[in-house]
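Colleague: Construct all of the structure, not just a fragment, from the sequences and the given hints.
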Amino acid sequence: MLEAQLDAIKSEVKDKIGAEDAAYIRRIILIQRICEWSGRILLMLGFLQPLLWVAGVLSLAAAKILDNMEIGHNVMHGQYDWMNDSHINSKRYEWDIACDGASWNRVHNYEHHTYTNIIGKDRDFGYGLLRLSNDFRWRVKNLWQFATYILLSVMFQWGVSYHEMAAERVFFGKKKKNRKNQVTHSELKKHFFSKGARQLVKDYVLFPLLAGPLFLWVLSGNLIANLLRNLWTSTIIFCGHFTGDVETFKAEDCKNETRGQWYYRQALGSSNIKGGNLFHILTGHLSFQVEHHLFPDIPARRYREMAPKVQAVFKQHGMHYNTGSFWKQYTSVLKRIVRYSFP
Amino acid sequence: MQQVKPAWRDGYYRAQVEAVRNLSSDMLEVILTPEKAWPSHIAGQHIALTIEVNGRLTTRVFTVVCGASFHRETKNIRLITKVNNEGALTPALSSITPNTWVNISAPKGNFTLPNTDKPVLMVAGGSRITPFIAMLEDAIENNLIHRAPVHLLYFAKPNEHVLQSELLALQKRANNFTFAVLTRQKDGDVKDYLSHFADAHWLVCGPNAMYEQVHEVAKLVRAPLDSEHFASLPTVNIESLSEKETFSLVHNGQHLSVNNQKSLLSQLQEAKQPVTYGCGMGICHQCQCVKKRGVVRDTRTGELSDSAEQLIQLCVSQAVTDLEIQL
Numbered sequence: 001m002l003e004a005q006l007d008a009i010k011s012e013v014k015d016k017i018g019a020e021d022a023a024y025i026r027r028i029i030l031i032q033r034i035c036e037w038s039g040r041i042l043l044m045l046g047f048l049q050p051l052l053w054v055a056g057v058l059s060l061a062a063a064k065i066l067d068n069m070e071i072g073h074n075v076m077h078g079q080y081d082w083m084n085d086s087h088i089n090s091k092r093y094e095w096d097i098a099c100d101g102a103s104w105n106r107v108h109n110y111e112h113h114t115y116t117n118i119i120g121k122d123r124d125f126g127y128g129l130l131r132l133s134n135d136f137r138w139r140v141k142n143l144w145q146f147a148t149y150i151l152l153s154v155m156f157q158w159g160v161s162y163h164e165m166a167a168e169r170v171f172f173g174k175k176k177k178n179r180k181n182q183v184t185h186s187e188l189k190k191h192f193f194s195k196g197a198r199q200l201v202k203d204y205v206l207f208p209l210l211a212g213p214l215f216l217w218v219l220s221g222n223l224i225a226n227l228l229r230n231l232w233t234s235t236i237i238f239c240g241h242f243t244g245d246v247e248t249f250k251a252e253d254c255k256n257e258t259r260g261q262w263y264y265r266q267a268l269g270s271s272n273i274k275g276g277n278l279f280h281i282l283t284g285h286l287s288f289q290v291e292h293h294l295f296p297d298i299p300a301r302r303y304r305e306m307a308p309k310v311q312a313v314f315k316q317h318g319m320h321y322n323t324g325s326f327w328k329q330y331t332s333v334l335k336r337i338v339r340y341s342f343p
Numbered sequence: 001m002q003q004v005k006p007a008w009r010d011g012y013y014r015a016q017v018e019a020v021r022n023l024s025s026d027m028l029e030v031i032l033t034p035e036k037a038w039p040s041h042i043a044g045q046h047i048a049l050t051i052e053v054n055g056r057l058t059t060r061v062f063t064v065v066c067g068a069s070f071h072r073e074t075k076n077i078r079l080i081t082k083v084n085n086e087g088a089l090t091p092a093l094s095s096i097t098p099n100t101w102v103n104i105s106a107p108k109g110n111f112t113l114p115n116t117d118k119p120v121l122m123v124a125g126g127s128r129i130t131p132f133i134a135m136l137e138d139a140i141e142n143n144l145i146h147r148a149p150v151h152l153l154y155f156a157k158p159n160e161h162v163l164q165s166e167l168l169a170l171q172k173r174a175n176n177f178t179f180a181v182l183t184r185q186k187d188g189d190v191k192d193y194l195s196h197f198a199d200a201h202w203l204v205c206g207p208n209a210m211y212e213q214v215h216e217v218a219k220l221v222r223a224p225l226d227s228e229h230f231a232s233l234p235t236v237n238i239e240s241l242s243e244k245e246t247f248s249l250v251h252n253g254q255h256l257s258v259n260n261q262k263s264l265l266s267q268l269q270e271a272k273q274p275v276t277y278g279c280g281m282g283i284c285h286q287c288q289c290v291k292k293r294g295v296v297r298d299t300r301t302g303e304l305s306d307s308a309e310q311l312i313q314l315c316v317s318q319a320v321t322d323l324e325i326q327l
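Same order as they appear, the protein sequences are chains A and B.
Residues in the first sequence are numbered from 1 upward in steps of one, following my numbering.
Residues in the second sequence are numbered from 1 upward in steps of one, following my numbering.
It is possible that some hints are incorrect.
Heads up, simulated DSBU-like pairs for lysine-lysine below, C-alpha to C-alpha not over 30 Å straight-line [as the list claims (entries may be wrong)]:
#1 B:Lys272 / A:Lys121
#2 B:Lys262 / A:Lys255
#3 B:Lys108 / A:Lys91
#4 B:Lys262 / A:Lys91
#5 A:Lys16 / B:Lys292
#6 B:Lys118 / B:Lys191
#7 B:Lys272 / A:Lys91
#8 A:Lys14 / B:Lys262
Hints were generated in silico from the structure; no laboratory data involved.
Modeller: Structure follows, in structure tokens:
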């Protein structure tokens, strides 16, 4: 029943997808490019008037956020593959963050979206750093996990980049046996270092050098833009997954699950954030995390029209539709992090 | 980049639509001006044309229906196609407006006029008359046709012969060129005509069945034969999907046979082919690959894919026709 209703919502929207969606993503890419280049130019004009530098930082940060969320995340989910455009598809798109796209695809697109919130299978739950439910044993390090959380947010792109290697225990810890790997550890390392180095060289060597005497202006501008993007994405993602009442699951619960049961798990494992038009765009429509988890490959802008229908279906089935204002959801995330700091 | 150069795409050439005309109720002529970098074609070759249909880039192959000299002089090329109302591309093509930018591929194919002193016999079937028009145009323009006679047998269903006025015009320009308009219903099979041309160089372009007949006779009389033939796309209906059928799958130059009962992913895995995969239910896009040719069915919805190049997910795709994919 749930399965049929949600499938119906999906197919209704799928029939509408077309020129409008293609034009939308192209427009967003254009805006992103404009933000990026005007940001980079404004950073160099800081010596004329420091406010120009501030505008440059904000513009570059906006470009990086759009690239990460509305473009990168969504394109790499395959939301625009139907366009057959070799520049806008999940196979080829590479984003402006430290994480190698293919690695993200494996961990996020495959593991996280297939095994959402199944403890032991979805390694996104707490990122191996934070204890966010009673499913994990308390350890002393959890006492200062609020500080760990802040550090993770500041370094978020590197956290995402390192995620797969940490999970595979490439550098530290006992390697798990019996894990089926499609990528060898040496390949993982190679991609991690080459993508990471490219990002570092671009933002902290190449563009500052191009600015000549304004080296430090540009370097610090890039650093702050990256920081703003990291904080923003981390916050949005935490609000989508770790609010007070998201549920976790056990591997046994999900053996041979039907599509309907999969929908059910996706629904209870994520939460939405209310907000305005610009807010939704800047979150890459991950403010509709529930819809995103139900329909990961539908163009994200369509989640807006799907949300009320999904909510109605949930209501009919007596399921909790987790949504709230940004501050409500964020406070609930912070509470959760603090709550599970203690045994 | 696309803001400055509309339809700029890596790996494609750009062309601007000059005119779109209806030749008859279901035949359409499109005149394109390719960008300067486009390597000109040899008469008889084809191009892949890509246009955006409701946001989706859609590609089909068309013969260039003009000689290279026409392109040199006018900077234009001409395409002619039958409009298939059920088709993905041709209905959209008919409503395309002049000055729109589209994408084309480099000219491809080696179905061109042979360099020979022998007489030439052309055999055309249905709308596949187009490469011959281009060849004749260039041959007459360059005075090549005076060396030896050229005869064209043009088969089509009654009242479905196209471009006859152009053939007449070509015939007027060159005494050595003759043609016959034929229908199987009235005039019999193509086989009945071939024996008169045993000493000629044969060119055939038409449906597969016609090619097979010509090929058979050519072997008997040892006539040199060049051909371009298309197995028409099989019609797929829901009943035919329930029966187990086997198709050929070409990937990275290797051949494999696959059936229409299991997903392509599981069959590739059974054959120990190097595929990356993930969820197995169409969520994660790990097993995605480029389908170059053929039709697949989405096992979740039963939807059939386009027959041209597109991305597919192996875990939720079943073969419906022979396929070519790139892993």
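Colleague: Each hint needs a verdict: does it hold in this structure or not?
Modeller: So, going through the hints one by one against the coordinates:
{"no.": "1", "hint": "B:Lys272 / A:Lys121", "result": "26 Å, holds"}
{"no.": "2", "hint": "B:Lys262 / A:Lys255", "result": "22 Å, holds"}
{"no.": "3", "hint": "B:Lys108 / A:Lys91", "result": "26 Å, holds"}
{"no.": "4", "hint": "B:Lys262 / A:Lys91", "result": "24 Å, holds"}
{"no.": "5", "hint": "A:Lys16 / B:Lys292", "result": "26 Å, holds"}
{"no.": "6", "hint": "B:Lys118 / B:Lys191", "result": "20 Å, holds"}
{"no.": "7", "hint": "B:Lys272 / A:Lys91", "result": "22 Å, holds"}
{"no.": "8", "hint": "A:Lys14 / B:Lys262", "result": "25 Å, holds"}
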